[in-house]
Amino acid sequence: MKNLFLSIAIVLTSIFSYAQEEEKGITITVTIDNVKSDNGKVSMALHTSETFMKGAGVMNAETKIKDGKISITFENVKPGEYAIMALHDENENNRMDFRENGMPLESYGTSNNVMAFGPPQYDDAKFKVEDKDLELNIRF
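Quick note on numbering: the sequence shown equals residues -19 to -1, 1 to 121 in mature numbering (1 follows the signal peptide of the UniProt record, and there is no 0).
In case anyone wonders, no lab produced these hints; they're calculated from the structure. Don't take each hint at face value.
[What the hints assert, rightly or not] Taking lysine-lysine and the DSS-like style, the derived pairs with C-alpha atoms no more than 27 angstroms apart in a straight line are: (1) 5 / 47; (2) 35 / 22; (3) 17 / 45; (4) 47 / 17; (5) 107 / 17; (6) 59 / 109; (7) 22 / 50; (8) 35 / 59; (9) 107 / 35; (10) 107 / 59; (11) 113 / 59; (12) 47 / 22; (13) 50 / 17; (14) 17 / 113; (15) 22 / 45; (16) 107 / 22; (17) 59 / 17; (18) 5 / 109; (19) 109 / 50; (20) 107 / 45; (21) 5 / 107.
[Unchecked claim] The following label-pair restraints were derived from C-beta to C-beta distances: (22) 112 / 30: 20 to 26 angstroms; (23) 85 / 113: 31 to 37 angstroms; (24) 113 / 83: 37 to 43 angstroms; (25) 111 / 75: 31 to 37 angstroms; (26) 113 / 74: 32 to 38 angstroms; (27) 81 / 56: 36 to 42 angstroms; (28) 41 / 95: 20 to 26 angstroms; (29) 44 / 100: 21 to 27 angstroms; (30) 30 / 10: 19 to 25 angstroms; (31) 45 / 120: 15 to 21 angstroms.
Yeah, the Cβ is synthetic: ideal placement off N, Cα and C, and Gly gets one too.
Kindly generate the complete structure, drawing on both the sequences and the hints.
The structure is reproduced here in structure tokens:
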């Protein structure tokens, strides 16, 4: 009876371990190496087309700046299409600040580093997550 119980326990453990490995997603490491000062923090969000420019992303992270550089890692990202938005929140008020004419006061950037007049567009910033870890660099 002990052997039967032990065999069942080993089989169940193996099944659950395999299932957890299957669910592990992709890692996306994002670096920015041109932050204009070490004041404040850099906030970053991983977005789908449904969340882009609508607030919080599907994953969000922030970090302090050291020597004008940062690195943020998103882990267990499921395959699909995403875009990343980054903001240098220099005064740490958790939002982008604007001039009276609507131009941003704080630096920002998106995946694919498209610099265009007007707000960022999802189609310009999107990229695919498939079966390999990604390393991206965003410029402010």
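Hint check:
1. 5 / 47: violated, 30 angstroms
2. 35 / 22: holds, 21 angstroms
3. 17 / 45: With Cα atoms ~13 angstroms apart, residue 17 and residue 45 stay inside 27 angstroms; holds.
4. 47 / 17: holds, 11 angstroms
5. 107 / 17: holds, 25 angstroms
6. 59 / 109: holds, 10 angstroms
7. 22 / 50: Cα-Cα ~11 angstroms, so holds.
8. 35 / 59: holds, 21 angstroms
9. 107 / 35: Given pair residue 107, residue 35 holds - Cα atoms ~15 angstroms apart, limit 27 angstroms.
10. 107 / 59: holds, 15 angstroms
11. 113 / 59: holds, 11 angstroms
12. 47 / 22: holds, 10 angstroms
13. 50 / 17: OK: residue 50 and residue 17 at ~9 angstroms, within 27 angstroms.
14. 17 / 113: Status violated; Cα separation ~31 angstroms.
15. 22 / 45: holds, 5 angstroms
16. 107 / 22: holds, 24 angstroms
17. 59 / 17: Roughly 32 angstroms separates the two Cα atoms, so the pair is violated.
18. 5 / 109: Since the Cα atoms of residue 5 and residue 109 sit roughly 17 angstroms apart, the hinted pair holds (cutoff 27 angstroms).
19. 109 / 50: holds, 25 angstroms
20. 107 / 45: holds, 25 angstroms
21. 5 / 107: Holds - the C-alpha atoms of residue 107 and residue 5 are around 22 angstroms apart, at most 27 angstroms.
22. 112 / 30: 20 to 26 angstroms: holds, 21 angstroms
23. 85 / 113: 31 to 37 angstroms: Given a distance of about 33 angstroms, which is inside 31 to 37 angstroms, the answer is holds.
24. 113 / 83: 37 to 43 angstroms: holds, 39 angstroms
25. 111 / 75: 31 to 37 angstroms: Holds - the Cβ-Cβ distance for residue 111 and residue 75, about 33 angstroms, lies within 31 to 37 angstroms.
26. 113 / 74: 32 to 38 angstroms: holds, 37 angstroms
27. 81 / 56: 36 to 42 angstroms: holds, 40 angstroms
28. 41 / 95: 20 to 26 angstroms: holds, 21 angstroms
29. 44 / 100: 21 to 27 angstroms: holds, 24 angstroms
30. 30 / 10: 19 to 25 angstroms: Holds: the Cβ-Cβ distance is about 23 angstroms, inside 19 to 25 angstroms.
31. 45 / 120: 15 to 21 angstroms: holds, 19 angstroms
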